[in-house]
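Work out the full structure, taking the sequences as your base and the hints as a guide.
Listed below, chain by chain, are the residues.
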Amino acid sequence: MNVLNFINAFFSDSAHWQGYDGIPTRLGEHVQYTLEALAIAAAIGLPVGLVTGHYGRGGNALALIAVAGRALPTFGLLVLMTLSLGFGLINVMIPLVVLAVPPILVTTYEAMRSVDPAPVDAARGMGMHDVEVLFRVELPVALPLILGGLRSAAIQIVSTATIAAYVSLGGLGRYIVDGLYQRNYEKVVGGAALVALMALATLAVFWGITRLTVSRGVLRSN
Amino acid sequence: MDGFFDIPSDLQHSWLGLVGLHVREAMLPVLAGLLISLPLAQLCVRFRWLYPPVLWVTTVLYAIPSLAFFVVLIDYTGQTELTVMIPLTVYTLVILVPAIVDGVRSVPQETIAAATAMGFGPVRRYVQVQLPIAVPAIIAGLRVATVSSISLVSVGALIGNQGALGNLVNDANIYNRPELAVNAVITMAALAILADGLLVVVRMLLTPWMPSGARARRAERPEPEVAAR
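Sequences listed follow chains A and B, in order. The first sequence runs 1 to 222 under my numbering. The second sequence runs 1 to 229 under my numbering.
Among the clues, some could well be false.
Simulated coverage check for chain A against chain B, where a stretch passes if three residues somewhere in it have a Cβ under 8 Å from a Cβ of chain B [what the hints assert, rightly or not]:
no.: 1; stretch: 25-31
no.: 2; stretch: 89-96
no.: 3; stretch: 121-132
no.: 4; stretch: 158-170
no.: 5; stretch: 184-196
no.: 6; stretch: 199-213
By construction, these hints were calculated from the structure, which means they are not laboratory data. Ideal Cβ positions, reconstructed from N, Cα and C, are used throughout, including at glycine.
Right under this line is the structure:
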């Protein structure tokens, strides 16, 4: 396998493990971009999704926003931002957030809507008010699906943050873009492997979060 | 804006040519994905044990970033359209397979029993009863797959002129002509919204028994990406 040889050559070259262009630096940048974009997207998507899902209103508006958000091409948006605003991290954050908000928003809404109405009615009958119903009944039951939306958003951010390198920022995309220009295929494939590994690690992290935060009863019933 | 439609000659296409190229590069993978996921999903419905591993494999494949996927394929398929279309096909599977499986499974047992009682064999029952009832779920999946496919084609520009309208973005950067990027972003967004709207129309045509509008949306399964990714 050609690709495996490239990967092996890339990772065994000690020059790739140190300095400003070393794997630790680039990985750190990539993790930083991902966490920042995910935090901003979650701060927008989660509250809106929870509240609209709780009251069951605005589903059509959310669907429209989601389609519009998905329709905007991330790569085009990134270059456009950079051409109009100049160099900077915010140019990367805006397209990544636009990419990540729709899955978070839509899944959170749908997760809240898919909660069985019977326990919600029971909770109200026991005298819980809106906020309690939302956080103590609906949220725990909807949590697996909500985490699924966050996971989907996180993976898309990890994959797409590679194009930050195209507008001269860092991250793991640096290896892919530089490697392509330098016709250094070993570097390109090594970078690609690193991004794929990070995406898989993201899957694993979310699997762990699900196991830790979702209550046993909810996990079993799924 | 000046020079909005002055497409640089290195792209070797007119604006309409780029649009056609983009539609082809984005839609062929969705079509191929549908053709693969229909039988695959049917197998998953028939043999329940098959579904979790299929979901895992597609999810893991989906986690491979598009740029990385393109780059690795260059070694095998060269810098061609195929290099862009293969990953896009793979990505649609993770959306379409669960959408079809959930759709087909959501057909009530009574309905299937009624069809059997009327003398429908398994094939006829699948084609004439289960599949039509699953149409809303399948179309919901196709909508997500189509829109993201249209957006992802543009990343192909990074592996050497295979991104259709994405190449226009690339040229906007090279020649420092922001209006070209504006053109590309607007065109791609319009294409995506148009394709999405067309699929909604197709759903309404295929499911004449369903009420349109708000109540039809409720009848849809939750967005397929919920279960999928």
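Taking the hints in turn, this is what the structure says about them:
Note: the stretch 25-31 of chain A has 0 residues with beta-carbon separation from chain B under 8 Å; the three-residue rule is not met and the coverage is violated. Only residues whose beta carbon comes within less than 8 Å of a beta carbon in chain B count, and the stretch 89-96 of chain A has 0; fewer than three means the coverage is violated. Counting residues of the stretch 121-132 of chain A whose CB falls under 8 Å from any CB of chain B gives 0; the rule of at least 3 is not met. Residue count for the stretch 158-170 of chain A with a Cβ under 8 Å from a Cβ of chain B: 7. That meets the three needed, and the coverage hint holds.
With a threshold of 8 Å between beta carbons, the proposed coverage of the stretch 184-196 of chain A by chain B holds, since 8 of its residues qualify and at least three are required. Counting residues of the stretch 199-213 of chain A whose beta carbon lies closer than 8 Å to any beta carbon of chain B gives 4, which meets the minimum of three for the stated coverage.
Hint compliance for this structure: hints 1, 2 and 3 are broken, all remaining hints hold.
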